[in-house]
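Colleague: Could you slot chains B and C onto chain A? The hints should help.
Those protein sequences? They're chains A, B and C, same order as listed.
The first sequence begins at 1 in my numbering and counts up one residue at a time.
The second sequence begins at 1001 in my numbering and counts up one residue at a time.
The third sequence begins at 2001 in my numbering and counts up one residue at a time.
Calculated directly from the structure, the hints in this document are not laboratory data.
For glycine and all other residues, C-beta sits at the position ideal for the given N, C-alpha and C.
Heads up, a few of these hints could be off.
What the hints assert, rightly or not - Here are the simulated DMTMM-like cross-link-like pairs (lysine to aspartate or glutamate), alpha carbons at most 20 Å apart as the crow flies:
no., chain 1, residue 1, chain 2, residue 2
1, A, Lys214, A, Asp225
2, C, Lys2200, B, Glu1351
3, A, Lys173, A, Asp117
4, A, Lys214, A, Glu109
5, A, Lys253, B, Glu1041
6, B, Lys1025, B, Glu1015
7, C, Lys2252, C, Glu2222
8, C, Lys2252, A, Asp58
9, C, Lys2200, C, Asp2229
10, C, Lys2200, B, Glu1289
11, C, Lys2090, C, Glu2040
12, B, Lys1132, B, Glu1351
13, A, Lys253, C, Asp2095
14, C, Lys2200, B, Glu1243
15, B, Lys1132, B, Glu1243
16, B, Lys1025, C, Glu2178
17, C, Lys2090, B, Glu1041
18, C, Lys2200, C, Glu2178
19, C, Lys2200, B, Asp1067
20, B, Lys1132, C, Glu2104
21, A, Lys253, B, Asp1365
To be verified - Not the full set, but computed from the structure, chain B residues with beta-carbon under 8 Å of chain C:
no., residue
22, Leu1023
23, Ala1026
24, Tyr1074
25, Ser1177
26, Gly1183
27, Gly1191
28, Ala1192
29, Pro1195
30, Val1247
31, Val1249
32, Ala1268
33, Ala1297
34, Thr1319
35, Ile1320
Claimed, not checked - From the derived model, a few chain C residues whose C-beta atoms are all more than 10 Å from chain B:
no., residue
36, Glu2040
37, Ile2044
38, Leu2052
39, Asp2095
40, Thr2136
These are the residues of each chain, in order.
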Amino acid sequence: MRASVGAALGAALLLAPAAPAAAEPPPIVRPADAAKLSPRELGPELYAANCARCHGGDGAGLLPGEGDGAGPPLLGAGAQAADFYLRTGYMPLGDPSDQPVRSRVRFREHEIRALVDYVAGLGSGGPGVPRVDAAAGSVSDGLELFTEHCAGCHQVVAEGGVVTSVRVPPLDKATPTQVAEAVRIGPYVMPAFSEEDISDDELASIVAYVQYAKHPDDAGGWGIDQLGPFPEGMVTWLIGAVALIGVCLVIGKRLEKP
Amino acid sequence: MRRDPLQEPIRFLDERAGAAPLLRKALRYLFPDHWSFLLGEVALYAFVVLVGTGIYLALFFEPSLADTVYNGAYAPLQGRTMSEAYRSALDLSFEVDAGLLMRQTHHWAADVFVAAIVLHLLRIFFTGAYRKPRELTYLVGLTMLMAALLEGYLGYSLVDDLLSGMGLAIGYSVGLSVPVVGGDLGLLIWGAPFPGDPAFQSRMYIAHVLLLPALIAGLIGLHLALVASRHHTQFRRLGAQTERRLVGVPTFPGQAPRSLGLMFAVAALLFALGGLVQINPIWLWGPYELALGTNGAQPDWYLGWLIGALRLVPGFDVTIGDYTLIANPFWGGVLLPGIVFAVLFALPWLERRFTGDHATHNLLDRPRDAPGRTAFGFAFLSWVFMIFVAGSADRVTVFFGIDYASQIWFYRFAVWVVPVLVFFAARRLCRELQRAEQIERSQEEAEAEGRLVGR
Amino acid sequence: MKLRQWIVALFALLRLRRRRPPSDEPGRLVEAGPPAPRGELAVIALLVLAALAAALFVVFYGIGASTQALGGALAGALGLIAAALIVAGKLLVVDEELPGHYPEPDPSEQESVGRIVAESGSRITRKRLLGAAAGTAGGALGAALIAPAVSLGPVFDPSPLYDTPWRRGRRLVDSSGEPLLATSIATGTFYTAFPQGAAKSLLGAPVVVVRLPEDELELPPERVTWAPDGILAFSKVCTHAGCAIALYRTPKFEPVQPRPALVCPCHYSAFEPATGGQVLFGPAGRPLPQLPLAIDAGGALIAAGGYSGAVGPSWSGVRDEPPS
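Here chain A stands alone, though its shape is the one from the complex:
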């Protein structure tokens, strides 16, 4: 008995280092006179206090060892990238080698706008925030395109998945704009799809499909997350087998003590 308890603890300890040790990003540093600054002045101040640590002064980028952290250059990244990373909470990122994940947005709305404008002006500028009209897209085209380009990582109903060895997020919280931005940017290790690869019309269809996938047609009843055999097996055992064993217990007799 003792041996098995000890083994269980040992197993838990083995797993612990494998659990995500995502570093908490440092708290947002705001300039003391932030209230007096115009958006054009606020942007660079916020950038210098919170982003330059990894992305370098003026967005030049930093390689590991060159500075405090490390991060890609933002020259030419454009409003599109800044808007995406800030509004999803991907940035700021505590440890540059961590995977950015959707988190609580720490900047305030006007701060995000200031930063986006600032990054948009870095280098020779870059793509702006895309305007998406999901209503103009076709869900059926979107299903076909999503299956071909996206389902391998994100799962066919956008429930997320794994790419060795990265966690691919589900898209239930992604806004249409964020979907469009992500498709064009390819955040973290996601491939980026330009207008040549996926046209704006096709993108609208993909966005329409992702919206649909948040509440797909569950004609069959309780959708159990549309994940397929995995939750179905759990229902088989935790509901089906339990209920049937219960019926057997009602119908039959139990063993009395000899």
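Modeller: Same frame as chain A, now just chains B and C:
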């Protein structure tokens, strides 16, 4: 006395078919009344629902891989090219009234069918019911389990959706991985390299709707005949049972309402699931194409142990020069199920060898009364279960963020370590339970003696 | 005196003639039990409700109600009948627990069967030879009956396993049939392509195309010309178990992010395009076959030859030279 109206048909049957003696015996056959004996019946009734709903589905399903363009009620697939098989399954789901209910009930029944067989097998194992004289009954049961696994796999693969199509590719690779003859075997069954000749769909269809159901039905008959012939085993309770004497409830009037009630309860549960809980929403997966894949693709639960094994085995083929002797999927797809079923089939004889017990057993052991067998059973089960759980590591990554590769390494070790720990823990537990009972019994004896002596 | 005797006798007679409890009645095959009117009412009520539920199912079916309504009604009907039967079993049926006997094997019958078979052979003098002849005939007939199974597939000719539709000069096209131009292949993304004019569902047909900066390529020496402009093409069918390699992991910031890899969603085998498809992780036992590329006069991508190895999952001859 007024003549009972039932006598007429009974007389008719007996004069023409000699039915009365058999009926008399059958009506008063004695059943054990412990609840765990009903698990096998649950499987049987799940099979009945499978056949009933299956017949209904077969009246609508089109087992052809010919291309067609979808023009039905489900808008997101409008205009999409797909096989007739997939299209007919969509029509069953959206155009045929009660079609989706039948499809889902059929699929739930398949999942529950195998679960019930496994529960029944666990009862058989942990009580030692497979011992002489019931070895043949047991072997027939195991054969039915194998047939049920294949039957389920073929059933959901017929639909030609993205998920099951990926599963068929894996089945093909397992076939190819058989040493020496795998390539020929794959070509024989599929008719051509994957995705295979269109005739492969016909082969799956006929196996699923005719060959395997007929086999299972026949084996059920044989299984029940053998059970009745040697009579059910019994738990030792009431003090009345021995290896020669049994106590039970007669089929009629006692057992019949209970068994019939169970049948309706099983059917009720399956139709409840079929109507209320979605299963295999094929319209969400889309049709299968060789160049398409989706993350999170899994087989039905009873094949989960195989996907776990396929994911755990490190990446190597066994080669001799340029000759590939053992392709990687062999270990998880052929050897693992081979070992598991070989051990299960050999169990009665393994037990005889290990315990030296060749006697006839009509009385059952409680699991604690056979610590060696119980401990082995738990250990073996935990080995398979750890492999099974490893197959869900990717969803654990999505839900809990735990790194996938780390999980795989953890399971590669845990799969061997945990069963050993479980073996010793289970054996210890059985012995402790036995000891506790012994102490209680000797205390009661002491008290009884005390009373006799008189205070 | 006589009257008293008569009264006593009458009493005695009455007591003897009192109704014996049914279980003492001689000649009963099934024990009798007391009536249970409440139980009967319960069963009747359950059955009536079941009938209503079943009728409700028919109504739902007629009006085209949802799967949930249909399932609920039918499950209700079945469940209520189940409840009726279970209640009947507990309350309306006698709880008999009867003794019985396990069957004993009959050694004399076993012996008789053996003797019948043995004694029937009284006219046979060449038992062994007859047995061998019968066995040979049976075996040969069995083989003859099984032989047509060979028609199921090209069992003795594994060459189809090596076939692919790619030839030198064949163009790469996308899923709608448009040729892939080298200039439209960007880094940091992936494309699926097929051989022009061939069926898309052949195992060797689909390829995944990616582009890497040429200084990141580490291809084996014999393949240095296979990636014009850093464009690489690999079979999209995983060498482990045949699923489509539909995942591409491509870092935006190489120093801290995992390197580019093509990954399979079934068992997570990862292949590295930079080194020509070597296995980075997972159960795949063979690298991903690479298709040599060239750019034709019109700027379109074409195959410059066949794959570097056989496509799809491994079998015994997968590493052999394909038969010519």
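Colleague: Below or equal to 20 Å on CA atoms is what counts here, so check B/Lys1132 against B/Glu1243.
Modeller: holds, 12 Å
Colleague: With 8 Å as the cut and Cβ atoms as the points, is B/Tyr1074 at the interface with chain C?
Modeller: Result: violated, 14 Å to nearest chain C Cβ.
Colleague: Let's test the interface hint: is any C-beta of chain C closer than 8 Å to that of B/Gly1183?
Modeller: holds, 4 Å
Colleague: Does the CB of B/Ala1268 sit less than 8 Å away from some CB of chain C?
Modeller: Constraint on B/Ala1268 satisfied, holds at 4 Å.
Colleague: Any CB of chain C closer than 8 Å to the CB of B/Ile1320?
Modeller: violated, 10 Å
Colleague: Mind verifying the non-interface call on C/Thr2136? Its CB should be farther than 10 Å from each CB in chain B.
Modeller: Holds, since 25 Å exceeds 10 Å.
Colleague: Quickly compare the C-alpha distance for C/Lys2252 and C/Glu2222 to 20 Å and report which way the hint goes.
Modeller: Status violated; Cα separation ~30 Å.
Colleague: Measure nothing beyond the straight line between the CA atoms of B/Lys1025 and B/Glu1015; if it is 20 Å or shorter, mark the hint as holding.
Modeller: holds, 17 Å
Colleague: Are the Cα positions of B/Lys1025 and C/Glu2178 separated by 20 Å at most?
Modeller: violated, 76 Å
Colleague: Can you verify the interface hint for B/Ser1177: is its Cβ closer than 8 Å to any Cβ in chain C?
Modeller: holds, 7 Å
Colleague: Does A/Lys253 pair with B/Glu1041 here, judged by a C-alpha cut-off of 20 Å?
Modeller: The given pair, whose Cα atoms are some 15 Å apart, holds under the 20 Å limit.
Colleague: For the pair supplied as a hint, C/Lys2200 and B/Glu1351, confirm whether the alpha-carbon distance does not exceed 20 Å.
Modeller: violated, 54 Å
Violated hints, listed in ascending order, are 2, 3, 4, 7, 9, 14, 16, 22, 23, 24, 35 and 39; each of the other numbered hints is respected by the structure.
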